[in-house]
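> This is what each chain is made of:
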Amino acid sequence: MTTAETAPAAVNVDNRAENVLEVENLKVYYDTDAGQVKAVDDVSFTLKRGERMGLVGESGSGKTTMAMALMRLHKPPAIIAGGNVRLDGVSLLDLNDEQMRQTRLRDIALVPQGAMNSLNPVYRVRDQIIDGIKHHTPRDEMLNKGAVSERVVELLNSVGLDASVADMYPHELSGGMKQRVALAIATSLRPKMILADEPTSALDVVVQRQIMLTLEQLQQEMEASVLLVGHDMGLMAQFADVLGVMYAGHLVEFAPIEEVFRNPKHPYTKKLISSLPDIQVKGTFTGIEGLPPTLVIPPPGCRFHPRCPIYNNDEDFRDEFVDIRGSLNTDLCTTVDPHLNEIEPRRWVACHMYGEDA
Amino acid sequence: MVAQNASMTALDSTDGADNVLELENVSKVFGGGLLRRNITIAVDDVSLGIPRENPGIIAVAGESGSGKTTLARLMLGIIPPTEGVIYFNGHDIASLNRSEKREFRREVQPIMQDPFEVYNPFYKVDHVMMVPVQNFGLARSKSEARDLVVESLETVGLRHQETLGRFPHQLSGGQRQRIMVARALLLKPRIIVADEPVSMVDASLRATILGSIDLLNKELGIAVIYITHDLTTAFQISDNIIVMYQGSVVETGRVEDVIQDPQHPYTQLLVESIPRPNPSERWGRDMASQETGGASNEVGCRFAPRCPYVMAECTDEMPPLYRVGDTQAALCYLHRDTATGNVQSISDVFKASV
Numbered sequence: 001m002t003t004a005e006t007a008p009a010a011v012n013v014d015n016r017a018e019n020v021l022e023v024e025n026l027k028v029y030y031d032t033d034a035g036q037v038k039a040v041d042d043v044s045f046t047l048k049r050g051e052r053m054g055l056v057g058e059s060g061s062g063k064t065t066m067a068m069a070l071m072r073l074h075k076p077p078a079i080i081a082g083g084n085v086r087l088d089g090v091s092l093l094d095l096n097d098e099q100m101r102q103t104r105l106r107d108i109a110l111v112p113q114g115a116m117n118s119l120n121p122v123y124r125v126r127d128q129i130i131d132g133i134k135h136h137t138p139r140d141e142m143l144n145k146g147a148v149s150e151r152v153v154e155l156l157n158s159v160g161l162d163a164s165v166a167d168m169y170p171h172e173l174s175g176g177m178k179q180r181v182a183l184a185i186a187t188s189l190r191p192k193m194i195l196a197d198e199p200t201s202a203l204d205v206v207v208q209r210q211i212m213l214t215l216e217q218l219q220q221e222m223e224a225s226v227l228l229v230g231h232d233m234g235l236m237a238q239f240a241d242v243l244g245v246m247y248a249g250h251l252v253e254f255a256p257i258e259e260v261f262r263n264p265k266h267p268y269t270k271k272l273i274s275s276l277p278d279i280q281v282k283g284t285f286t287g288i289e290g291l292p293p294t295l296v297i298p299p300p301g302c303r304f305h306p307r308c309p310i311y312n313n314d315e316d317f318r319d320e321f322v323d324i325r326g327s328l329n330t331d332l333c334t335t336v337d338p339h340l341n342e343i344e345p346r347r348w349v350a351c352h353m354y355g356e357d358a
Numbered sequence: 001m002v003a004q005n006a007s008m009t010a011l012d013s014t015d016g017a018d019n020v021l022e023l024e025n026v027s028k029v030f031g032g033g034l035l036r037r038n039i040t041i042a043v044d045d046v047s048l049g050i051p052r053e054n055p056g057i058i059a060v061a062g063e064s065g066s067g068k069t070t071l072a073r074l075m076l077g078i079i080p081p082t083e084g085v086i087y088f089n090g091h092d093i094a095s096l097n098r099s100e101k102r103e104f105r106r107e108v109q110p111i112m113q114d115p116f117e118v119y120n121p122f123y124k125v126d127h128v129m130m131v132p133v134q135n136f137g138l139a140r141s142k143s144e145a146r147d148l149v150v151e152s153l154e155t156v157g158l159r160h161q162e163t164l165g166r167f168p169h170q171l172s173g174g175q176r177q178r179i180m181v182a183r184a185l186l187l188k189p190r191i192i193v194a195d196e197p198v199s200m201v202d203a204s205l206r207a208t209i210l211g212s213i214d215l216l217n218k219e220l221g222i223a224v225i226y227i228t229h230d231l232t233t234a235f236q237i238s239d240n241i242i243v244m245y246q247g248s249v250v251e252t253g254r255v256e257d258v259i260q261d262p263q264h265p266y267t268q269l270l271v272e273s274i275p276r277p278n279p280s281e282r283w284g285r286d287m288a289s290q291e292t293g294g295a296s297n298e299v300g301c302r303f304a305p306r307c308p309y310v311m312a313e314c315t316d317e318m319p320p321l322y323r324v325g326d327t328q329a330a331l332c333y334l335h336r337d338t339a340t341g342n343v344q345s346i347s348d349v350f351k352a353s354v
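Residue numbers (my numbering), protein chains in the order written: chain X, 1 to 358; chain G, 1 to 354.
It cannot be assumed that every hint is accurate.
As the list claims (entries may be wrong) - PhoX-like mimics (lysine-lysine), calculated; alpha carbons at most 25 angstroms apart, straight line:
id: 1; chain 1: G; residue 1: Lys124; chain 2: G; residue 2: Lys218
id: 2; chain 1: X; residue 1: Lys282; chain 2: G; residue 2: Lys218
id: 3; chain 1: X; residue 1: Lys48; chain 2: X; residue 2: Lys282
id: 4; chain 1: X; residue 1: Lys38; chain 2: X; residue 2: Lys27
id: 5; chain 1: X; residue 1: Lys282; chain 2: G; residue 2: Lys142
id: 6; chain 1: X; residue 1: Lys27; chain 2: X; residue 2: Lys192
Everything labelled a hint here was simulated from the structure, so no lab data went into it.
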């Protein structure tokens, strides 16, 4: 925090108060033999301090690619082709590699996908936690040995583990306990932002609930923001304050979680929600017809139009969006890629039904 | 063991008439050996019948390590039980003759979890469909074989123009999984054992695949054993459910009863923990029943170390499966005084499918 690199943050006093993360027109492309794959194409959103955001999408929608790019952990052939990412006012894309490395874990930490396999099998839990602290703390701020040991115990307790776990190896822990260790590592330097990529996908629902509640508790104590990447809308409903929905590389909707479930604006989000099975009413739960498009040659215009129930005048969808569907010029759907527009405060949607692009 | 099984078969040859597959006090124990240490009881004393008429869809639910996949493998005859007998059409599957074994292999079909791993990447999709046709001599000519394949693909909603002649990597995960359903269907089985068939596919495709599995049951009268960790899809497609915890069947019965009014503390915890897709109905903050990491009970109820209602007798002896309703049973002493008896075979509390 006191290092010269992070100084620009101090200038942006207003931003510090409100937005922790600002993503602007981010583009992440893969250069492949088949052509350029626009995995993340022109994505913008902001995340407030202490806010929990969910990011959902089908596999291949670009959600993980984007999350990794936010930390600049994207791997070749992925490249950041444009846009801006600001963490507390600091432009992460302008930092050099060493500055970025210092920012990771300290300001923005990752709970990786399958975190249970991210631990090193030959090191004790204690050493893995200390390793993270050491490598991401400037030398002059490093705690002494005794203080580090105390911190390890404190961290383990904060994630609901006994201090004795420090001396264990990963194979001695259950999947849920390993995931807790990953949480302890991610929160060890009290980051401003935690990025969790499907952190519970391999765990059963009981353990999943415990882990998510622990994450929530830690996040609230630290006033950190969380970006939870996943595909389980149920988990998002339980955890997130705001939700972003990705489809074929675009963010197609962004809104407070209650609003998304109560009144989804994008036909894809609508389909996604109506396709959710529940345990109250037994009946038909439907899928979304068709397949996600290839991102090498995405469909012209709106990328969702080949599957869109409104564009395709789906009978089951006759009654949906009744007020505004009449104003939709379907020629636009096949020719113009809709922009993400703010149609109400903090309600963003990319669909021609809501005008703006016409 | 074999001799003993053989003699039991003779006794039971009339018994299996109503059931295609019947499990009688089946247990599977892994590990052990000479010193009998570190044994894992993967399946503990399960009795279950799958009827010939109106078999319905039976979900087997539980977390990883609950024994649900072991139960599936026992039913498929991939592994033999350590104790108990499995009957196919009234005959012990351990002592079937060649033609009976062939019939068993045809009539009880698996659908595996990972639609990416079951294919040989060097063969076109046609191969995986044609092999069973050849092996079981289902067709007399090539064109007849092709017709059969096309028909079964169409039954699960796939167009043969979009699937045949392609390599596995050219198809989506959902298509690959539906081809596996079509392949199972090709053999006109009586029972399909589907082990987590949708855990590897996107939510938008889940409904389609489960829909095609449902169709096999409703239209063709094939019994489906749906193995899953997802109670929501279990609720949606199955008629009856078996909830397992560390090898024990802790609760079973009609799926609406078990999921909407669970009677075993473990099922209650499981249902409570489902991430409901409704932001105004969030999880309780009650963090009871943390996993302890400790070893589970060896004699009594497996869930006792995590159970909020644990009593002295729970750790002494395994409770019986109490009948707690017409179509529901729970393995828990909480129901000792109110139960209307004990359940011998799990399927005694199953609701008949319509």
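> Taking the hints in turn, state whether each one holds.
Evaluated hints:
| no. | hint | in the structure |
| --- | --- | --- |
| 1 | G:Lys124 <-> G:Lys218 | violated (31 angstroms) |
| 2 | X:Lys282 <-> G:Lys218 | holds (16 angstroms) |
| 3 | X:Lys48 <-> X:Lys282 | violated (38 angstroms) |
| 4 | X:Lys38 <-> X:Lys27 | holds (7 angstroms) |
| 5 | X:Lys282 <-> G:Lys142 | violated (43 angstroms) |
| 6 | X:Lys27 <-> X:Lys192 | holds (23 angstroms) |
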